[in-house]
Every structure is written in C-alpha cells, then in structure tokens.
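Student: Line order of the protein sequences matches chains D and Z.
The opening position of the first sequence corresponds to residue 1 in my numbering, with each subsequent residue numbered one higher.
The opening position of the second sequence corresponds to residue 1001 in my numbering, with each subsequent residue numbered one higher.
None of these hints come from the bench; they were simulated from the model.
Heads up, a few of these hints could be off.
One side of the interface only, derived from the structure: several residues of chain D facing chain Z at Cβ under 10 Å [what the hints assert, rightly or not]:
1) Gly18
2) Asp183
3) Phe206
4) Ser253
Computed footprint of chain D on chain Z; a stretch qualifies when at least three of its residues, placed anywhere within it, have a C-beta under 8 Å from a C-beta of chain D [what the hints assert, rightly or not]:
5) 1110-1121
6) 1214-1228
7) 1237-1249
Here's a subset of chain D near chain Z, in silico, CB distances under 7 Å, partners left out [what the hints assert, rightly or not]:
8) Thr138
9) Leu142
10) Leu151
11) Leu153
12) Val154
13) Phe155
14) Tyr157
By construction, the Cβ of each residue, glycine as well, lies at the ideal position given by its N, Cα and C atoms.
Okay, here's what each chain looks like letter by letter:
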Amino acid sequence: MLARLAHRLLAGFAVVLGVVTLTFVLLHAAPGDPVELMLGPTATGEQLAAQRRAFGLDRPMPEQFTRWVSRFAQGDWGSSIAKGRPVRTILGDAWPATVRLVALSLVLSYLLGLFVGALQAARSRSRTDTVLSVATVTLFALPGYWLALMLVLVFTYWARWLPAFGASGLDAEYLSSGARLMDQLRHLALPLATLTLIGVGGAARFVRGAMLDTLSQPYITTARAKGLAPRHVIGRHALRNALTPVVTLLGLSLPALFSGAVFIEAVFAWPGVGRVLVEAVQARDYPVVMAATAVSAVLVVAGNLLADVLAAWLDPRVRTAPPA
Amino acid sequence: MTLLLRDRRGAFGTLVLLVVILCALFAPLVTSGDPAAQRDIVATRFVPPLSTDAHGQFHALGTDRFGRDVWTRLVYGARVSLGVGVVAVLLSIVLGVLIGAVAGFWRGPISLTLLGITDFALALPRLVLLLLLAALWQPSTALVIAVLGLTGWMSVARLVHAEVRALAVRPFVEGARAVGARQLRVLSRHILPNALTPVIVAAALGVGNAITLEAGLSYLGLGVQPPTPSWGNMITSGRDVLVNAPWVAIAPGVALALVVVACTLLGDALRDLLDPSVRRSP
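Looking at chain D on its own, in the form it has when it is part of the complex:
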C-alpha cells in the first residue's frame, strides 16, 4: 500500500512537470508577444529589445524554462509582465475566492446528491423516483452560464433580491463585521447556487446508478433474506459499496468543476483565479499563466490521489489487488 502510494506520488510529480512543460511550449509557440502588448504599437525596436532583455526573454528557450522551474521550486514565482505585481500576490488574492466557491459547491452538491440518489435507489420505480429523476436530469442538462443568466434575470432584475456582480459590495469596507458577512453571503448566493444546482444533478444521477448496480448484487439479496431492516440494507450494505465509483468520480470532477467555475466567474464577475487566467492568457503574461497552471495541476493531481486513497479505504478489493 505504502509502496503504491509512493509510486503514485512520483507519477503525480511527473504529471505536473509534464503539464508545466506543455504549457510553456504552447504558450511560447502561440503568436503574440507580452512585451509588444505591454509597450504598445509606438515602441521602437530598441525599447522592445531592452525590455525583453530585462525580462530574460531573449535567452534561449530551454534556459528560460529551466530558470523558471528552479525559481518556481524555490518559491520565486516572478512578477506579472502586464501588471508588474508579484505573481504570488495576484494568485494569493484570487485563489481564496475560487476555492471558497468550488469547495462549498462540491460539498453541498455531493451531500445533496448522495441523499437524493440513495433515496431514489431505495424507492426505485416509485413516483418519488420519477419526479426526482426528471428534476435531476433537467438540472444536469442546463448549461451553467445559462442557468446563471436565468438566476440573474429572476433574482436580480425581476425580484431585485440578490446582487449579480463581484464578491462584495462597493461599500464593504465601511460595513460592520456582521453586515459585511451578510454582504459576502448575498454575493456568494447566486454563483454558489448555480454551481451547486448543476452539480447535484450529476452527483444524484451517478449515485442512483451506482446504488442500483449494488442493489442487484447477490449479497444484498442475502442481507434482505436475513431479515435486515431496509434502512440497514441501504445504509450499511449498499451505500458503502456504491461509494467507490462515487469517490472516483469526485476526484475526476475536480478539474471540470474548476473549468465550470471559470464560466460562472465570467458571468458573475467573481474575482477568482479563472478571471486572472483568462486575462493572463490574453495578455501572454507568461509568469502568471505558468504559475496558475502549475498550481491548478498540483491541485488536480492531489485530488485524484486523494480519491484513489479514499477508494482503497472504502473497498478492500482495490486495496489488496496486486500493484500494477
């Protein structure tokens, strides 16, 4: 088990390195020059060359790459070319907003999804199951940014209840701490509701499928035949075994969730890392793109690793299988 974990860690490290390399190559292969974009069309050739030398962009490509990697590993993430601010500050300002949004919606949608899916499987083919199926399928089918627009239309334009832009009001700094918390919660409401509603649909559907698969296994029939209460059969015997694929899916859905969050951030002008990334790619702001990519790659690999460990913990068959 430990050897396998070490192996996976090593593999994860290789993945991150690969992602970073590919991003670096693609980024530098793409047309567009950060220095030209920064200095504007009136800059002379000498000015461009001087600025490039200042950023070290005149060095050969492999040297630039190895220098970036070693500095990044030492914690020196450089400064944004377009904004001049340190990359760590830019990302440090943006990550909490994204993580708050994504983590909350992940927890909420999986808790709700587990509950709804298990309920549906337990009451398979009943009216409750049908109604919930229609609801979850519809939620799953809605494009996130469209649902976001509709929520804005209803709650902001028509009902005038909730704000649709940003993470806090313009007057946030002058509010008491209680009012400020309320203000932040009101701003969080619509983006969080959008991401969670979409997530619940997918999670509930998957849980229902996994549960139905499990419920058709012989050992469930045995448990039922022993005379165990249906609650016990569902909760103890079925749910636990159905969790393995669900946990795998949870790890897999992390990057998708981050991508989804980028759309939602765009709609709600949420000051998260998605917005930083989109702006940085457009400005060819190499240091910002590289650091953001590296950090998100690490997060994704860690998420998958965690899902694998959880799956092994839940299912002894995975644990005892001889290592690949």
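Given the coordinates of chain D, work out where chain Z should sit on it, guided by the hints.
Tutor: Showing chain Z alone in chain D's frame:
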C-alpha cells in the same frame, strides 16, 4: 427497438431527438428564410414571441436585436450544435474504451504508460489548453470537435479501466481462462461487454456534455463564430439584451436543455435494456 420505445424515458428521448434532427435536416422547410437575414432592423428588432412585426411577418419566438427570426436561427443552430456534440463524443468514446480496456487488462509497463497518459491528460487544465489553441489557430467548428474529443476521453478510459480491472479478478473470467480462451477473446467477449454499461451512460451524458461545452466555448467567443448560428453564440447574443428581450437567451437555452435531457433519458433507457440485472431488480 420496440422494447426501447415501451420505456417512457426511451420514447421521450427518441421522440425529442427525432423531432430536433428532422427539423435540423429539413431546416429550409420548417422555417422561413435565411437565419442571417436582416431586413429592416429598426422595424423588426426585439419583436416579442408570438407576434407580428411591422412588415406583417409572424415570429413564433420573436426576433433578436438585428431583427433576425429566433426560431429560424434556433433550427439552423441545431445542425451545428448536434453535429459537434455527436462527432466529438464518438471520438472520445473510441479513444477512451481502447485505452481503458488495454490499461485495465494488461498489467505492467503498457498499463502504467497508458494510465500515466490518462492522468496527464486529466491534469491538463482544459480551459488553458482551449484558450491557447484558440490563439494558435482560428476558432472553427473542426477545432472545437477535435478539442472536445481529445479532452473528453479520459473519464471513459478511467471508468473502463476500473471496470475491467475489477472484472478481471472475478471468477467467471478465471473460468473463461481455465477453459483455454485466449487473452484477446477473454477481454473482448467476457470482460468488455460487462464493462460497457457505464460507457453507455457516459456516452449519453457525454453527448449532452459536449453540446453544453460547445455552447460554453461559443459563449466565450472561442467556438462557432457568428453569424453562423450555434446555440452557444445565440445565448451570448441574448446575454446583452437580457432585460429588454429575455426570449433571445431563453429560447436556445431551453432547446439545449431539452436535447441534453433527451440524450440522457435515452441513455438511461438503453442502459436498463442492455443490463438485464438492473431490469430484473425490484
């Protein structure tokens, strides 16, 4: 097929998809005129649904800010959105099943390499890739299909890999081996059919997902380029006039949701049909 239609979900999914596909195929017959036609912008823009414009033309779903008929654009947009979704998913299913099955069945260096590639592809931030690719090449329909197909196979591969691995240690596989079946036959006849159930569900979900993602890319301006109508860029154009003319954004969104629901229900019905153990369960 009759069995499929007897299932209410299958019947609904088939019906909706059939209607949408027929509408898309015979678009000139069910609409009036060109999806990009702008006749008299001032007189015909923002006509609400189910009303007649100043020129006496009826618009079932109203018009957008250029006076273009929303219904006509919706039907022509279906051609683009459906086509992209189906082709992209086919590409990713083929890739995913191949890679997942091989990686799950043959342990050792092959499996490790394939799993490594899968993890690598999964860890790639899809959006950065899309942004970069859109900067390298002009955004186009073919590029969207390729990008969606090439970035969508990993979850299928992982699902197939997990299934194949779990099935490979089951007694019936040992049995097949004991009878002397060759490796390829064990994989293709005994393991894969049992492992495909989640793939069918994944494919059904995938088509819906791909259509949604195409719309998302068009929404960011990286997908199908206007004036060619796709449901995504129609929603985008509706975003700016959300308060004055909400129907411009609502119509393509509802169409999109309807098609994705249909794909999903059809997938569910197929799944129950193909997996006897689920059908017989209480």
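Student: All hints are to be evaluated individually against the structure, with a verdict given for each.
Tutor: Tested hints:
| no. | hint | result |
| --- | --- | --- |
| 1 | Gly18 | holds (5 Å) |
| 2 | Asp183 | violated (24 Å) |
| 3 | Phe206 | holds (9 Å) |
| 4 | Ser253 | holds (9 Å) |
| 5 | 1110-1121 | holds (count 6) |
| 6 | 1214-1228 | holds (count 4) |
| 7 | 1237-1249 | holds (count 6) |
| 8 | Thr138 | holds (6 Å) |
| 9 | Leu142 | holds (5 Å) |
| 10 | Leu151 | violated (11 Å) |
| 11 | Leu153 | holds (6 Å) |
| 12 | Val154 | violated (10 Å) |
| 13 | Phe155 | violated (13 Å) |
| 14 | Tyr157 | holds (6 Å) |
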